Amino acid sequence: MRAPCGTCRRAGWSASRPSRTGPWPGRRRSRQRVPRPELPRLSALARRTAAICTGAFLLAAARLLDGRRATTHWAACAELAARFPAVRVRPDALYVRDGPLFTSAGVTAGIDLTLTLVEDDHGPERARTTAKYLVVFLHRPGGQSQFTVRGSATAAPGSALRRVLDAIAADPAAGHTLATMAAHASLSERHLTRLFRRTVGTTPTRYVEQVRVEAAKTLLEATDDGVDRIARVCGFGSDDTMRRAFLRGIGTTPAEYRQRFRSAHPAPEQTAYPTPEEMRYP
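Residue numbering for the sequence shown is 461 to 742, as defined by this note's numbering.
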């Protein structure tokens, strides 16, 4: 198998040697490529077919995802949905399983998907040991939304929207109401909301909440401060408000996020690696 992100194929996968899993990783030009004509036939020979990142476009173009749920990298989800309306795109999922077909978000989400396949084939203990060896979560908290907040917020330098985005990033805890943001941009509230929806893909209020969640995640990872203090510092006002924002934004609570983050990043005196005995096949 050759890697990374582009030329990986399961060795010996052919009609004469059916595979348990048919992997189709994304490439730089996967969205424009015409799928190999034998893809549907090879998929039928495999027990399951898995696409990594934009490899989902190959499966969709081969009509394998028609009527099925699927995901791909968050930056390509809108294109996947537009080009293949028969596919039920799930933009926030790290990976999606629909029958024998699996799709994952980005390259690292392919690891999440692969660990699920390991668990299916060899049981949870083997998957847990593999995750420990790779120093990753066995079941990662949240979805793609935890990676897209500021990366997707693009606006021209010097523009009214850029001024608002920069002000939010500089001080997430400030009183960023719709009225104050509109005044800062010298725009009406309605016009600012339209700009946010068109450029950022969400409302101004929702964007402020997402940036505050990002700031809180950083403090949960880097400090021992209590959840209530972090909530106040990041502008939520109370830990209950922050908890609801976390559940809306990344699908997990602040306490759970901190616990899972630290279990994947142990203290120096703790080993993150399994012993040879743990890695030994039964």
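Just so you know, the hints here were simulated from the structure itself, not pulled from any lab data.
Only a predicted model underlies this, so the values are computations on that prediction, with no experimental measurement involved.
Where is the CB? At the ideal position from N, CA and C, for every residue including glycine.
Where hints are given, some of them may not hold.
[Said to hold, decoys possible] Pairs of lysine to aspartate or glutamate, EDC-like flavour, derived with a Cα cap of 20 Å:
#, residue 1, residue 2
1, Lys592, Asp581
2, Lys592, Glu716
3, Lys592, Glu579
4, Lys592, Asp572
5, Lys592, Asp580
[As the list claims (entries may be wrong)] Cβ-Cβ distance ranges computed for the label pairs, FRET-style:
#, residue 1, residue 2, range
6, Arg704, His644, 19 to 29 Å
7, Thr701, His651, 25 to 35 Å
8, Asp700, Thr663, 15 to 25 Å
9, Gly559, Ala629, 34 to 44 Å
Going through the hints against the structure:
1. Lys592 with Asp581: holds (18 Å)
2. Lys592 with Glu716: Distance ~19 Å between Lys592 and Glu716 Cα, so the pair holds.
3. Lys592 with Glu579: Between Lys592 and Glu579 the Cα gap is close to 13 Å, so the pair holds against 20 Å.
4. Lys592 with Asp572: Judged against 20 Å, a Cα distance of about 13 Å means the pair holds.
5. Lys592 with Asp580: Roughly 17 Å between the alpha carbons, so the hint for Lys592 and Asp580 holds.
6. Arg704 with His644: 19 to 29 Å: holds (26 Å)
7. Thr701 with His651: 25 to 35 Å: holds (28 Å)
8. Asp700 with Thr663: 15 to 25 Å: Holds - the Cβ-Cβ distance for Asp700 and Thr663, about 22 Å, lies within 15 to 25 Å.
9. Gly559 with Ala629: 34 to 44 Å: holds (42 Å)
Of the numbered hints given earlier, the model fails none.
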